[in-house]
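Student: For what it's worth, numbering that gives the first Met the number 0 labels the leading residue of the sequence shown as 0, then goes sequentially.
Hints listed in this document are in silico derivations from the structure and should not be mistaken for laboratory results.
All figures in this text were calculated on a predicted structure; none of them were measured in a lab.
All C-beta atoms in this analysis are idealised placements derived from N, C-alpha and C, irrespective of residue type, glycine included.
Check the hints yourself; a few may be wrong.
[Unchecked claim] Okay, the calculated beta carbon distance ranges per label pair:
no. : residue 1 : residue 2 : range
1   : Arg-323   : Arg-274   : 52 to 60 Å
2   : Ala-217   : Glu-324   : 45 to 53 Å
3   : Arg-235   : Glu-324   : 41 to 49 Å
4   : Ala-217   : Ala-145   : 52 to 60 Å
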Amino acid sequence: MVADHVRALTGLAQNVALLLSLTLLYSVIRPFWRGAPAAVQALAPGALFGLIAVVGMHAPIVVGPGVIADGRMIPVVLAGPFGGPGAAIVAAVIAGLYRVMLGGAGAAAGVGTILTAGLLGVWLGRRRRRDLGLIGFVVLGLVLDAATLLWSLVLPDALARQVLGAALVPVGLFLPMGTLFLGALLTHEERRHSEREHLTLTKFSVDHAAEAMFWLDAEGRFVSANPAALALTRARRDELLGLALADVDLDTDAAAWPALWSAVRAGGRVTGERRYRARDGAVIDVDVSYDFMAYRGREWISAVARDIGDRKRAEAERGRHLVRERRLREQAEAASTLKDQFLATLSHELRTPLTPIVAYARLLRAGRLDGAATTRALDVIERNGQAQSRLVDDLIDVSSIVLGKLRIEPRPVDLVGVARGAVERLREDATAKSITLGLDADGPLVVAGDAIRLQQVIENLVNNALKFTPAGGRVTLRLQRVGNEALLTVRDTGAGIEPVFLPHVFDRFRQADGSMTRAYEGLGVGLAIVRALVELHDGRVSAASEGRGRGATFVVALPISEASNLLETAAPGERGRRTSMLKSLIVALACAGLIQGCAAVAHGPVTAPITLDMKGPVAAGTAATSPKVGRAEAWGILVFATGDASISAAASRGGITRIHHVDQETLNILGVYAKYTTIVYGE
0 MVADHVRALT GLAQNVALLL SLTLLYSVIR PFWRGAPAAV QALAPGALFG
50 LIAVVGMHAP IVVGPGVIAD GRMIPVVLAG PFGGPGAAIV AAVIAGLYRV
100 MLGGAGAAAG VGTILTAGLL GVWLGRRRRR DLGLIGFVVL GLVLDAATLL
150 WSLVLPDALA RQVLGAALVP VGLFLPMGTL FLGALLTHEE RRHSEREHLT
200 LTKFSVDHAA EAMFWLDAEG RFVSANPAAL ALTRARRDEL LGLALADVDL
250 DTDAAAWPAL WSAVRAGGRV TGERRYRARD GAVIDVDVSY DFMAYRGREW
300 ISAVARDIGD RKRAEAERGR HLVRERRLRE QAEAASTLKD QFLATLSHEL
350 RTPLTPIVAY ARLLRAGRLD GAATTRALDV IERNGQAQSR LVDDLIDVSS
400 IVLGKLRIEP RPVDLVGVAR GAVERLREDA TAKSITLGLD ADGPLVVAGD
450 AIRLQQVIEN LVNNALKFTP AGGRVTLRLQ RVGNEALLTV RDTGAGIEPV
500 FLPHVFDRFR QADGSMTRAY EGLGVGLAIV RALVELHDGR VSAASEGRGR
550 GATFVVALPI SEASNLLETA APGERGRRTS MLKSLIVALA CAGLIQGCAA
600 VAHGPVTAPI TLDMKGPVAA GTAATSPKVG RAEAWGILVF ATGDASISAA
650 ASRGGITRIH HVDQETLNIL GVYAKYTTIV YGE
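With the sequences and hints as input, model every part of the structure.
Tutor: Structural data, given as structure tokens:
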């Protein structure tokens, strides 16, 4: 009797050892078949569970004379939930074939129980049910008990009664308990492997995350950090793990840490933007989130920080673009309004001179005017035609300015002479309005510029002053040298400029009064043209006014030309002699040019340059046949040259017999004035 108990206990211990061996083998082999092909994933666990079932058949539990039991069904049925349907089939086939090989009276019942366990395993595997829970494994063991009882019916009657009588209780207890025991062990191993996989994946994700991740203990000290956190703080791992959050976070000092810990611990998450100081001193804007975590009685705060420096810069850039876009939109709207006002003004300004022209033209055609009225009508037509011509010229200039096609031909020009000519031309207009027009000049002032365009600058400024100055007022031009600049100042005693409009006084089409009922006519382009022309001369122009009714002052500054510097540095006596000569002659530096220039002198002021070109026709003696050659001296044209005999001979052949020989320096000065002076008066 005692021996039977010992054999039963020995068999039970052997089966338990087999189940533990299965668990150990499953734990070792499982990581390898997970990454294998599908066929291997089915065969490997199935073979493992099937072999354990085979070994279990050689370690029976003796429950009585001639009656034994084993745990072959347990590994077969558990192959399904822990290895998959394929593994359950493989385990059942291996165990079933081996049982057939053993033979005996109970072979059919043994194979039947194995196939039943295999089918249960396939069903559980297809449902992917691994963790059945304690009750689930017990129920599964009871199902195996029921299968065993049912298959025992195929045994011979005597053997069936013996098995049912002797093995019902021990087998009925062993299968549920064995299933529970092995199922719990395999479930634990499965969880352990899953946790290990999750930990590996999590560690890989944390180590390769773009965001900085670190963990803080209850004291606010760093206990762990990923590589991104080290890169963000520019610190080594051992450096960072020795610091507190207050050493890095500029917005959280040591006194504020307890409040942050309590807030995160109570609310679960705290987010916000912070400023971190890296170990190299750089300040980094970050968006950080703090989360509370606890594990086995210990507590931490995990933090995820993102560098938002680029985002901050992008937001700032976006803000600048929005401001610029808003400014450009306002400018576009203002330009559109200005365009509408300009078109209305242009229509009015074009019609205004046409009205008297058309009216007087009809009267002249009808012959209703006497001699004096006809003269007056023609004067009106001419004056309004000239006004419209100036209007069109201004529009052409503005168009050239906008398109960048306005060009000048810079040459030395006596600004004083240009200003005097402009004043004389506009004196009649000033007198008609009872305005005193005066010029105060230090001369000569030679600048590098285009004489015609500089004349336009002066006339535009004077015309603007005359337009806004009432009768009895005064407009004064002042020309003086200040350092290396020639300053042209135009001052009037007129209506003045409002402070709010002063910054826009040189803008195109801008007028202080843009209504159609304004008191002053014009398109508002004269001063814009002035600014463009002055800038083309490398100069600058400014406007000043003390307000409405206080007059206005415009100042143009232009660089002094080198020719003027030659005059300034000459000896006092020599300077006067040279200046006198410059005011009374055009230097001939080409006989062909001299002839053309003489024709212009016959009518007063000249605008064509006169030069001496030894390659011209005079050098060959052919120009002497011109009827104008001998009249040069009669018109008071003085010819200057150096002591070169070839020049004297060439001039003599051209009919010029009186040549004044001067030094090369004087000739250079005279040549500058002769080539570029716009207005020259003969003696």
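Student: Hint by hint, note whether the structure agrees.
Tutor: A quick look at each hint next to the structure:
1. Arg-323 / Arg-274: 52 to 60 Å: Violated, since Arg-323 and Arg-274 (Cβ atoms, about 28 Å apart) do not stay within the stated range.
2. Ala-217 / Glu-324: 45 to 53 Å: holds (51 Å)
3. Arg-235 / Glu-324: 41 to 49 Å: Roughly 46 Å apart at Cβ, these two residues keep to the hinted range, so it holds.
4. Ala-217 / Ala-145: 52 to 60 Å: Given a distance of about 56 Å, which is inside 52 to 60 Å, the answer is holds.
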